[in-house]
Amino acid sequence: MGMTLTSAARHPGRPARRAVASYRRRDKYIRFALPALLVVAAVIVFPWLYTLYMSVQEWQVGSDRVFVGLDNYANLLRDARFHAAVGRTLVYTVLAVTLPVVLGTVAAVFFHRDFPWRGFFRGIFVLPMMATPVAIALVWTMMFHPQLGVLNYLLSLVGLPPSLWVYAPDTVIPALVLVETWQWTPLVMLIVLGGLAAMPTEPLESAVVDGASPWRVLRDITLPLTLPFIMVAVVLRAIDALKAFDTIFAITQGGPGTASETINIYLYLQAFSFFRIGHASAVVVVFFLLIVALAVGLLLVRQRTKWA
Amino acid sequence: MGVASTALPRGQTVPLALRWRRLGRRLGFLCGLAVLLSPALFVFLWMLSLSLKPDVENTAFPPVFIPTSPTLDNFREVFATSPFALYGRNSFVVATAATLLSLLVGVPAGYGIAKAKAHGLAFVVLVSRMTPGLSYLIPWFMLFRALGLHNTLWALIITHLVIGLPITIWVMMGFFEDLHPELEEAALVDGGGIWAAFRDVALPLARPGMVVAAILAFIFSWNNFVFAVVLAGPDTRTLPVAVFNVLTFEQLAWGKLAAAALVVTLPVLLLTVLVQRQIVAGMTTGGMKG
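As you go down the protein sequences, you meet chains A and B in turn.
Under the numbering used here, the first residue of the first sequence is numbered 506, with each subsequent residue one higher.
Under the numbering used here, the first residue of the second sequence is numbered 542, with each subsequent residue one higher.
Just chain A, with the same shape it has in the complex (with noise of 0.2 angstroms):
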């Protein structure tokens, strides 16, 4: 590395050449992401193909095969329990979107100043993030039991009445977002972190120079210099929220009832329960155009506002 360094200094390239030569370049780069285009094909692009293709065929594991056209997807619209599921996915999301952001926010301006053991602490805030999330579903599936639990203990120390957590349909979305919100305050805290530490420090400074009070501080300048951030955070969290699969399914597989049934179970359900492959198919296509519709909405939000 040495020597190459010496002949730049040696030969340096003109501008206007080397723009022309690094223009010819650019195809022979591409190369470099062949064997990885490969991959996505192999990986990827023909599981989307097999789905497309499985989503007009009428087929349950162990009978034949059917062309049905677009039945799968007509029955899907009739069909309420996938309704049910639809709007359960959606609560959750607006839910598992919100608390993280605010809390991943607030976290992010604690984080964001300088104190001894900074590092060390924040690895610490972000274990719930990497830590294993089935391992975790399964403690916080104990810390939930009614009478047993540790979570309805904390609650009687502080005088609140106990809850049934995921044991009764109408706190089981709520309690899954709790885990939920557990598990990925952390990502959102980093995202935003980011975005402090890539704030322009003139306009905080001459505010401070004039005098303006902490919480002015965040509110005037803090808060809509990391937008940006805070709503590429809302994008991510929403992607994940609706794909939210691990701990849902393994503290509650749907249950009680279907009270907990988001697309991602259902889907699992039709695919690998019933093994009803061209329905669960067609779940998947819809499901994905779902999930592009709302990032897509959530863009052309941001660029409306110019938030970015």
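No lab work stands behind these hints, which were simulated from the structure alone.
There's no promise every hint is true.
What the hints assert, rightly or not - Below, simulated SDA-like cross-link-like pairs (lysine to any residue); rule was C-alpha separation at most 20 angstroms, straight line:
hint	chain 1	residue 1	chain 2	residue 2
1	A	K533	B	G733
2	A	K533	B	E718
3	A	K533	B	I735
4	A	K533	B	H660
5	A	K533	B	G732
6	A	K533	B	L744
7	A	K533	B	G734
8	A	K533	B	P722
9	A	K533	B	L662
10	B	K658	A	Y534
11	A	K533	B	G661
12	A	K533	B	P808
13	A	K533	B	F761
14	B	K658	A	I535
15	A	K533	B	V730
16	B	K658	A	P540
17	A	K533	B	L645
18	A	K533	B	L724
19	A	K533	B	T622
20	A	K533	B	D741
21	A	K533	B	L720
22	A	K533	B	K658
23	B	K658	A	T706
24	B	K658	A	L539
25	A	K533	B	L729
26	A	K533	B	A659
27	B	K658	A	L542
28	A	K533	B	A794
29	A	K533	B	H721
30	A	K533	B	W736
31	B	K658	A	R531
32	A	K533	B	A663
Since chain A is already given, all that's left is putting chain B on it; use the hints.
Positioned in the frame of chain A, the structure of chain B alone reads:
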């Protein structure tokens, strides 16, 4: 910026009052820190506490927080009653192989995409980030059956590329975009091709990025549940699937459940605390560009 600088502008305060205020702010800061960290600490410490107690204490009410006579019996039972060591080995083999393959394929890809500014390709990676893992599983399930690969670790390694490869490409793209082009131009002028420029100049400089990508790919592959729950057979189960099975079969053996959960997630937690700086760097770039 918060703690120290906001105290300065008001110069006329009496020193004693100032000292009190400083103490108050310090206390407020410590309270804030405690509030932020306690949810994470509570869950992990409770998991540890459950795993070290016999079930008489675990199901006592009010709960026993600090074990009166800590025991490792729960851990012994986990390893004695199920092939947990085998599952651990499976998890390690799958996560390691998937990470190495992701680096092998993803690092050059990140370089190519960054250099060619092929944002269309980057978009493909983004779509794979948005697709629910579950939706790949029907075709894979059929494919691996047809190929006779079901119940092999290969099936899992290949599918875990879906986790590791996008992370690797994303992180490496960021690193290679920040690289000064002059350094590689020098290698090109020296007569080496772009391959030499990549191997001799870009690759050594991007080593920190590769570390970040490898750590994240390994952790998320280790944690993955949904691919293995569908594709793994009795001998190829990974730890998350094994722990889920303990949950379904042993409803009230809390000590054993917690011990199993701890065995699965402890390696990842230790890794996170050890390399938190790299993880923070990786997740921040990944998040910003995702």
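Exercise. Hint by hint, which ones does the structure fall short of?
Worked result: Violated hints (numbers, rising): 12, 13, 19, 23, 28; every other hint is consistent with the structure.
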